[in-house]
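A.B. asks: Chain order of the listed sequences is P and E. For the first sequence, numbering that gives the first Met the number 0 puts the final residue at 278, and the numbers step up evenly by one. For the second sequence, numbering that gives the first Met the number 0 puts the final residue at 388, and the numbers step up evenly by one.
Certain hints may be false.
Unchecked claim - Heads up, simulated DSS-like pairs for lysine-lysine below, C-alpha to C-alpha not over 30 Å straight-line: (1) P:Lys3 / P:Lys142; (2) P:Lys219 / P:Lys243; (3) P:Lys8 / P:Lys142; (4) P:Lys87 / E:Lys158; (5) E:Lys190 / P:Lys15; (6) E:Lys225 / E:Lys271; (7) E:Lys190 / P:Lys87; (8) P:Lys148 / P:Lys87; (9) P:Lys15 / P:Lys160.
I should point out that these hints are in silico values taken from the structure, not numbers from a laboratory.
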Amino acid sequence: MTDKVVFRKPQCLTDKAFLYCPGCSHGIAHRLVAEAIDELGIRGRTVCVSSIGCSVRCWRNFDLDVVQGAHGRGLAVATGLKRALPDKVVFTYQGDGDLAAIGMAETVHAAARGEAITVIFVNNAVFGATGGQMAPTTLVGQKTTTYPKGRDPGHVGMPIKVSEMLAQLPATAYIAREALSSPKHVLAAKKAVRRAFEVQLAGGGFAMVELLAACPINLKLPPVDALKWVEENMVRYYPLGELKSPPAAPPARAAGGTGVGATGGEGAGGRTCAGGGCQ
Amino acid sequence: MERTFMKGNEAIGEAAIRAGCRLYFGYPITPQNELLEYMAAHLPEAGGVFLQSESELAGISMLYGAVAAGKRAMISSSSPGISLMQEGLSFLASAELPGVIVNITRGGPGLGRITPAQSDYLQATKGGGHGDYNLIVLAPSSVQEMADLTTLAFELADKYRNPAMLLGDGIIGQMMETVTLPPAMDQGESKPWAATGCEGRERNLILSAPYTDQELMELNMRLQAKYARIKAAEQRAECEQMEDAEYGIVAFGISARLALAAVDDLRADGVKVGLIRPITLWPFPENAFRAYPKVRGYLVVEMNEGQMVQDVRLTVSDMVNGRVPGAAPTIRFLGHGGGYVPTATEIRERVMELARLLREAVGASEAVGAVRTASASGSVPAEGGRRTA
Numbered sequence: 000m001t002d003k004v005v006f007r008k009p010q011c012l013t014d015k016a017f018l019y020c021p022g023c024s025h026g027i028a029h030r031l032v033a034e035a036i037d038e039l040g041i042r043g044r045t046v047c048v049s050s051i052g053c054s055v056r057c058w059r060n061f062d063l064d065v066v067q068g069a070h071g072r073g074l075a076v077a078t079g080l081k082r083a084l085p086d087k088v089v090f091t092y093q094g095d096g097d098l099a100a101i102g103m104a105e106t107v108h109a110a111a112r113g114e115a116i117t118v119i120f121v122n123n124a125v126f127g128a129t130g131g132q133m134a135p136t137t138l139v140g141q142k143t144t145t146y147p148k149g150r151d152p153g154h155v156g157m158p159i160k161v162s163e164m165l166a167q168l169p170a171t172a173y174i175a176r177e178a179l180s181s182p183k184h185v186l187a188a189k190k191a192v193r194r195a196f197e198v199q200l201a202g203g204g205f206a207m208v209e210l211l212a213a214c215p216i217n218l219k220l221p222p223v224d225a226l227k228w229v230e231e232n233m234v235r236y237y238p239l240g241e242l243k244s245p246p247a248a249p250p251a252r253a254a255g256g257t258g259v260g261a262t263g264g265e266g267a268g269g270r271t272c273a274g275g276g277c278q
Numbered sequence: 000m001e002r003t004f005m006k007g008n009e010a011i012g013e014a015a016i017r018a019g020c021r022l023y024f025g026y027p028i029t030p031q032n033e034l035l036e037y038m039a040a041h042l043p044e045a046g047g048v049f050l051q052s053e054s055e056l057a058g059i060s061m062l063y064g065a066v067a068a069g070k071r072a073m074i075s076s077s078s079p080g081i082s083l084m085q086e087g088l089s090f091l092a093s094a095e096l097p098g099v100i101v102n103i104t105r106g107g108p109g110l111g112r113i114t115p116a117q118s119d120y121l122q123a124t125k126g127g128g129h130g131d132y133n134l135i136v137l138a139p140s141s142v143q144e145m146a147d148l149t150t151l152a153f154e155l156a157d158k159y160r161n162p163a164m165l166l167g168d169g170i171i172g173q174m175m176e177t178v179t180l181p182p183a184m185d186q187g188e189s190k191p192w193a194a195t196g197c198e199g200r201e202r203n204l205i206l207s208a209p210y211t212d213q214e215l216m217e218l219n220m221r222l223q224a225k226y227a228r229i230k231a232a233e234q235r236a237e238c239e240q241m242e243d244a245e246y247g248i249v250a251f252g253i254s255a256r257l258a259l260a261a262v263d264d265l266r267a268d269g270v271k272v273g274l275i276r277p278i279t280l281w282p283f284p285e286n287a288f289r290a291y292p293k294v295r296g297y298l299v300v301e302m303n304e305g306q307m308v309q310d311v312r313l314t315v316s317d318m319v320n321g322r323v324p325g326a327a328p329t330i331r332f333l334g335h336g337g338g339y340v341p342t343a344t345e346i347r348e349r350v351m352e353l354a355r356l357l358r359e360a361v362g363a364s365e366a367v368g369a370v371r372t373a374s375a376s377g378s379v380p381a382e383g384g385r386r387t388a
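Generate the whole structure from the sequences, applying the supplied hints.
C.D. replies: Below, the structure is given as structure tokens:
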């Protein structure tokens with residue numbers, strides 16, 4: 000008798016357990032990225048650039064070539080890599096502190112140049128690894144260890160909508176925001192992540208997916224409540240959906256939808272990597 | 000071999016392209032702009048990538064990405080821009096990545112001015128950023144060496160998987176001289192460690208952060224062992240007329256050329272003086288000093304407030320403690336920061352002062368202070384704000 004495989008670990012993930020806290024969204028984000036790379040059959044020619052923060056050790060989990068850059072410099076490192084290896088697939092995996100605080104200059108300029116890089120931007124509205132300090136994306140009133148009374152816009156301004164900002168730059172090709180807060184949204188996020196890689200494979204420019212994520216330990220909420228907090232608070236300020244998509248392909252779906260209306264082709268030949276030379 | 004007439008900054012660019020440099024990143028800052036512009040004009044012709052970065056912070060990380068991909072790559076800047084790169088340099092060293100960094104120096108601190116200065120010696124040779132690491136640092140003193148040491152920088156960076164810096168004077172960067180250009184090379188050996196996608200092999204990881212405390216300790220031990228190998232194998236210095244020298248001048252870069260004029264003048268007057276010109280500032284050429292244990296005094300000449308002189312003192316102190324027979328030279332310093340250029344006359348007078356001091360000190364070693372007073376009130380000209388240590 001042979002067992003029928005109905006669910007398996009993506010090939011792009013190692014056997015190592017995630018180090019993230021209970022309820023953290025990074026595990027889901029990792030899996031979506033790994034599934035997209037598997038499906039597109041590009042594992043053997045993909046290089047990951049990791050950032051500094053909770054995901055600094057994503058190399059333990061992504062079974063890929065990984066380059067670990069300095070804090071915030073992920074898109075500069077990725078620029079050097081992609082310019083050196085124009086035929087390879089380069090993506091960054093960055094948190095909101097890394098991408099939007101210390102690395103904002105590198106982010107904006109890589110986007111302005113239209114670097115053909117895929118960006119996975121995990122926004123959990125807080126500095127997670129360092130213990131819950133305010134991030135550029137922290138919501139108004141949200142309590143953090145550096146602003147325990149909550150973010151006061153009169154003192155530190157309003158949270159930055161990075162996706163909206165980058166979508167205005169002419170050289171960005173694909174910008175979308177999804178949430179990792181429910182199965183429905185996770186499915187939509189999966190499509191967006193895959194689309195962000197497809198745009199690079201099609202020779203397009205800068206492609207970024209912002210993933211709204213839960214950080215229960217720093218929100219001081221149980222995991223389920225943290226997911227609810229993302230849906231009720233983050234999604235309200237950071238609306239979901241595609242902000243920008245290459246004109247060649249039809250838009251994936253309307254904002255807030257269920258992720259139907261898949262993009263055109265299946266990319267570079269589907270699941271060609273399984274058992275191939277990219278072990 | 001092709002002989003031509005070039006500016007120092009341009010000679011670096013041409014030598015880099017011929018050394019197989021295929022990616023260059025840079026940000027405008029004087030006095031290195033000719034190099035930036037040379038690469039913009041000529042690297043694409045060679046099939047390479049020129050990219051003007053939005054900052055030096057970004058530029059050094061672009062270099063990090065390019066060399067992580069296994070390519071020969073270079074970045075250039077001048078002093079304040081190099082300060083901004085220190086984060087990236089520490090990361091390059093920790094991830095054991097090659098890469099060539101050019102610093103065509105200007106006067107500091109702060110923004111300073113584009114006046115000539117050698118004030119970045121300590122920053123370049125002691126790591127510069129956080130943590131225990133070293134760059135390989137090469138100091139050209141001619142346009143020819145701007146080219147030759149650029150080639151060497153690429154070779155050493157690849158050989159040791161360590162960033163290498165060309166520390167060049169603004170004067171030489173801006174100066175035109177004849178130069179014999181090196182022949183074109185390929186990109187060097189293939190780099191099986193590079194991150195290019197894991198097709199057909201185990202994955203490669205380019206990491207700056209070790210996973211455990213133990214691994215960080217091991218990284219540091221591995222780096223120090225590598226630095227010891229570099230110290231043993233790669234010291235370079237030019238020694239002029241040192242064989243019978245009683246006195247030695249120590250100077251690098253443009254200062255050494257001025258010092259050489261003083262050596263010729265002093266030799267004509269019968270003073271047994273020579274020149275040690277460190278070419279590798281790190282590793283510091285200690286062996287050159289050990290080769291001449293009979294030197295009684297060194298005059299260190301720099302265009303700063305006394306930076307390399309610290310390494311000369313350490314080297315001599317180690318020689319004395321290590322009982323290199325006869326070695327106990329006196330060390331004096333001539334130099335100033337902020338735009339000072341020593342003259343051959345000044346150097347010659349300071350060597351004669353050192354010689355007189357050592358002559359008078361024979362048999363009167365307990366009265367060194369008095370000797371210095373007598374010397375200062377003698378025929379030595381006014382100091383004009385210059386320093387002797």
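A.B. asks: Sort out which numbered hints this structure fails and list those numbers smallest first.
C.D. replies: Result: hints 1, 2, 3, 6, 8 and 9 break, sorted rising.
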